[in-house]
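Undergrad: Protein chains in written order, with the numbering used here: chain C, 309 to 512; chain X, 309 to 512.
Hints were generated in silico from the structure; no laboratory data involved. It is possible that some hints are incorrect.
If chains are identical, the list can't say which one is meant, so a pair holds when it fits in one copy or spans any two.
Once the Cα atoms are required to be at most 16 Å apart in a straight line, the calculated EDC-like pairs of lysine to aspartate or glutamate come out as [said to hold, decoys possible]:
(1) Lys443 with Asp330
(2) Lys427 with Asp493
(3) Lys375 with Glu337
(4) Lys389 with Glu454
Number of protein chains: 2
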Amino acid sequence: MDKKISDKVINRLTIYHCILDDYIEGNVEFISSKQIASLLNIDDSQVRKDINLLNNSGKCRVGYIVKELKKSIEDTLGFAKTKNAFIVGAGNLGMALAKYDNFTNYGLNIVALFDNDKKKIGGTVNYKLILDVSKLPNLAKKSNVEIAILTVPKLYAQQTADYLVKADIKYIWNFTPVVLKVPNDVQVWNENLMGNFLQFTYNI
Amino acid sequence: MDKKISDKVINRLTIYHCILDDYIEGNVEFISSKQIASLLNIDDSQVRKDINLLNNSGKCRVGYIVKELKKSIEDTLGFAKTKNAFIVGAGNLGMALAKYDNFTNYGLNIVALFDNDKKKIGGTVNYKLILDVSKLPNLAKKSNVEIAILTVPKLYAQQTADYLVKADIKYIWNFTPVVLKVPNDVQVWNENLMGNFLQFTYNI
Chain C
309 MDKKISDKVI
319 NRLTIYHCIL
329 DDYIEGNVEF
339 ISSKQIASLL
349 NIDDSQVRKD
359 INLLNNSGKC
369 RVGYIVKELK
379 KSIEDTLGFA
389 KTKNAFIVGA
399 GNLGMALAKY
409 DNFTNYGLNI
419 VALFDNDKKK
429 IGGTVNYKLI
439 LDVSKLPNLA
449 KKSNVEIAIL
459 TVPKLYAQQT
469 ADYLVKADIK
479 YIWNFTPVVL
489 KVPNDVQVWN
499 ENLMGNFLQF
509 TYNI
Chain X
309 MDKKISDKVI
319 NRLTIYHCIL
329 DDYIEGNVEF
339 ISSKQIASLL
349 NIDDSQVRKD
359 INLLNNSGKC
369 RVGYIVKELK
379 KSIEDTLGFA
389 KTKNAFIVGA
399 GNLGMALAKY
409 DNFTNYGLNI
419 VALFDNDKKK
429 IGGTVNYKLI
439 LDVSKLPNLA
449 KKSNVEIAIL
459 TVPKLYAQQT
469 ADYLVKADIK
479 YIWNFTPVVL
489 KVPNDVQVWN
499 ENLMGNFLQF
509 TYNI
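Turn these sequences into a full structure, and let the hints steer you where they fit.
TA: Below, the structure is given as structure tokens:
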């Protein structure tokens with residue numbers, strides 16, 4: 309990657325990717341920037357600008373070749389290099405994320421889930437094992453996992469984060485509404501559902 | 309509201325709000341922009357700039373008065389006017405969102421969940437009823453609900469959206485990885501989990 313791509317563009321490119329998936333399922337070969345734009349209610353010059361950032365857009369006389377454009381988004385955004393991650397907290401949200409098959413398409417491989425509830429431990433969800441959280445440090449080392457998706461209840465968020473840090477987890481995708489305190493070499497990405505909701509409803 | 313606040317600022321303000329909640333729980337009266345900044349690993353000039361957008365920041369000699377700053381964020385972002393919404397799809401994700409008590413704090417009131425699974429209908433989650441989806445149009449009208457949170461499986465996303473549109477739902481918070489086709493008077497907010505993940509991992 310030579311060009312730096314902004315967060316907003318990454319976000320739009322993944323949505324274009326969803327559209328391309330639908331077109332492939334429908335056996336459609338070509339797509340125009342206008343078609344993408346009208347589905348998203350945005351300007352087609354924006355779509356073209358975004359696509360121009362890709363190394364090979366699959367541009368042709370009638371628009372873009374769906375398969376090539378899809379592949380190009382994948383290459384550019386690095387879907388290809390699969391990243392291993394744990395889900396920590398096998399409640400409803402953790403389960404929902406484990407079932408979210410789209411993750412695999414985007415290069416995120418959920419290795420296992422962790423919980424401390426004896427009733428859940430040993431079970432599986434979407435072919436992934438739910439393990440005792442005490443097994444996490446060892447498996448992180450063995451499987452070289454550095455990403456954890458944190459879906460524990462609010463009350464346990466910080467202490468679980470501390471535990472993850474000790475287990476050499478370097479990236480925490482935080483779904484709890486808690487602002488975590490972590491050392492400088494650990495990155496936290498706050499999945500701020502309420503922030504998203506408020507952006508959405510700000511003008512209602 | 310006289311000043312237009314950007315999405316990024318709204319997002320940060322809701323995270324500051326989480327921090328203020330923690331401080332209130334810990335009975336701390338004052339907070340400085342430096343303290344907020346260091347928790348989020350951002351510059352404190354940024355924090356001050358964001359807070360300056362609020363009508364009344366609760367600024368005082370030693371920083372900000374936690375309770376006033378919190379209230380000011382709530383007033384500015386409109387947490388006060390409660391919005392009613394339905395969750396459509398009572399799977400793991402729908403359940404997780406129904407249990408997410410933070411929604412209430414931010415002015416989102418989940419009226420009910422809907423599903424078409426006879427085994428789920430009649431049940432409750434977090435004191436909210438799971439109803440037959442056929443009852444949605446009537447309840448939307450009676451309770452004046454215009455927001456739907458869409459958490460059905462990918463395969464049923466578009467047909468459910470069509471059904472919601474017919475029931476006069478005007479805002480769809482879309483958690484499915486499908487780009488929905490809706491009329492112009494309906495707004496869709498795509499909760500693009502994969503886009504967020506890729507922003508996060510783009511540099512790993």
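Undergrad: Each hint needs a verdict: does it hold in this structure or not?
TA: Now for the hints, and whether the structure bears them out:
For the identical chains of this complex, Lys443 and Asp330 are neighbours neither inside a copy (40 Å) nor across copies (30 Å), given an alpha-carbon limit of 16 Å. Taking CA atoms no more than 16 Å apart as the test, Lys427 paired with Asp493 passes in neither setting, with 35 Å inside one copy and 47 Å between copies. Taking the shortest Cα distances, Lys375 and Glu337 sit within 16 Å of each other inside one copy (7 Å), while across copies they are farther apart (57 Å). In this homomeric assembly, Lys389 and Glu454 come within 16 Å of each other (Cα to Cα) only inside a single copy, at 14 Å, whereas the closest approach across copies is 41 Å.
Violation of the numbered hints given earlier is confined to hints 1, 2; the remaining hints are satisfied by the structure.
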